[in-house]
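Novice: Read off the chains here:
Number of protein chains: 2
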Amino acid sequence: MPLGTDYVRQDCSLARSLEIVGERWTLLILRDCFFGVRRFSDMQAHLDISKAVLSTRLDALVADGLLTRSGAGHPEYHLTDDGLALWPALYALTQWGEQRTSPGAPRRLFFHVGCGQLGTDGRCATCGNAPTPGDLEIRPGPGADFSVRDDPVSVALREPHRLLTPLPER
Amino acid sequence: MPLGTDYVRQDCSLARSLEIVGERWTLLILRDCFFGVRRFSDMQAHLDISKAVLSTRLDALVADGLLTRSGAGHPEYHLTDDGLALWPALYALTQWGEQRTSPGAPRRLFFHVGCGQLGTDGRCATCGNAPTPGDLEIRPGPGADFSVRDDPVSVALREPHRLLTPLPER
DNA sequence: GTACTTGAGTTCGATCATCAGACCAAACGG
DNA sequence: CCGTTTGGTCTGATGATCGAACTCAAGTAC
Chain L
14 MPLGTDYVRQ DCSLARSLEI VGERWTLLIL RDCFFGVRRF SDMQAHLDIS
64 KAVLSTRLDA LVADGLLTRS GAGHPEYHLT DDGLALWPAL YALTQWGEQR
114 TSPGAPRRLF FHVGCGQLGT DGRCATCGNA PTPGDLEIRP GPGADFSVRD
164 DPVSVALREP HRLLTPLPER
Chain B
14 MPLGTDYVRQ DCSLARSLEI VGERWTLLIL RDCFFGVRRF SDMQAHLDIS
64 KAVLSTRLDA LVADGLLTRS GAGHPEYHLT DDGLALWPAL YALTQWGEQR
114 TSPGAPRRLF FHVGCGQLGT DGRCATCGNA PTPGDLEIRP GPGADFSVRD
164 DPVSVALREP HRLLTPLPER
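Residue numbers (the working numbering), protein chains in the order written: chain L, 14 to 183; chain B, 14 to 183.
Bear in mind the hints are in silico, worked out from the structure with no lab data behind them.
One should not assume that every hint holds.
The list treats identical chains as interchangeable, and a pair is accepted whether it falls inside one copy or across any two copies.
Claimed, not checked - Below, simulated SDA-like cross-link-like pairs (lysine to any residue); rule was C-alpha separation at most 25 Å, straight line:
#	residue 1	residue 2
1	K64	F47
2	K64	G129
3	K64	E36
4	K64	S54
5	K64	V21
6	K64	Q23
7	K64	R22
8	K64	E89
9	K64	E32
10	K64	D19
11	K64	D24
12	K64	A138
13	K64	R113
14	K64	R37
15	K64	P181
16	K64	L149
17	K64	G154
18	K64	T18
19	K64	S83
Sequences and hints are given; from them, build the entire structure.
Specialist: Here's what the structure looks like:
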């Protein structure tokens with residue numbers, strides 16, 4: 014790993030995590046994977062990220078075992094079990110951002126499918142369990158601002174849908 | 014905020030979070046604050062970070078309301094409520110790193126003081142609650158590697174102690 | 001089959017961030 | 001009052017990220 018991206022001199026699991034997901038854009042790429050985005054061009058359209066950086070990040074995520082690349086020509090990227098295990102951390106960071114920057118009016122809401130709404134701690138208000146991402150549905154919340162983006166991927170993501178399921182054709 | 018550190022074109026609370034804690038070193042600085050480190054020179058000794066970057070990061074964290082700077086001459090840095098609210102996210106990221114890079118032999122263990130050990134989900138195994146950081150004690154775990162660092166701050170942090178309480182004089 | 005379009009990158013020069021180390025001033029200890 | 005520690009700032013070199021241009025293979029229209 015090149016200079017400026019590791020924390021070799023730290024005996025700390027947080028440092029180990031940040032060496033993988035601490036680089037610019039990486040967590041937003043993984044967020045898109047959770048939300049159902051699977052293709053290079055969709056990520057690029059949704060993130061306004063340089064292709065070179067997106068390519069580097071995806072290669073690193075595949076090499077580190079968080080994503081798989083499937084299909085020879087135009088590949089799809091899927092989360093592995095290691096990648097899926099990041100969900101609690103990603104959700105916690107998102108909730109912290111909601112409370113700080115949009116208190117009382119979340120930008121996105123998550124529901125335990127067929128049960129209840131997810132609280133700040135990631136647990137379903139109805140059953141009290143912490144569902145895995147595959148059992149969650151995402152919907153726009155009262156704090157969502159549709160005027161920020163209007164690319165097709167952003168529009169598709171506004172429709173309520175289950176996590177980890179691919180977006181409808183555009 | 015300068016180019017390369019923000020995500021203006023994302024209507025997403027995760028992006029808002031990452032604009033503050035997503036820069037290199039920032040989460041490790043906050044980790045040290047949770048562990049009881051309060052002074053500039055202690056952070057610098059413990060993190061092997063350039064003074065210029067540490068200075069920039071501390072200024073940003075104070076400006077964003079995650080830390081307070083108290084004392085005119087040689088200031089101490091303390092977590093604010095907003096900073097303390099990051100604990101669940103920081104803990105979740107740490108646990109993900111433990112499971113990936115040191116499964117079965119955590120580098121650090123956390124205990125709900127007077128109650129039980131903390132699980133991967135941040136809840137006490139005995140009482141089932143999710144304690145706030147002030148009610149937690151940290152101890153080295155079986156996966157700790159004391160050979161990586163021997164600066165005085167690292168040595169002091171090896172002693173079991175409560176979070177948020179200052180380190181003993183060195 | 002051939003032209004055209006799209007998807008998935010790679011390459012490039014310019015700009016920005018980070019690095020280690022030198023320097024500096026205020027606070028503290030005696 | 002003088003030397004040391006603390007908490008920085010400044011500087012040149014290096015690495016990361018940027019937008020834009022380019023490549024090349026896969027799919028699509030005809």
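Novice: Can you name, in rising order, the numbers of the hints this structure does not satisfy?
Specialist: 2, 12, 13, 16, 17
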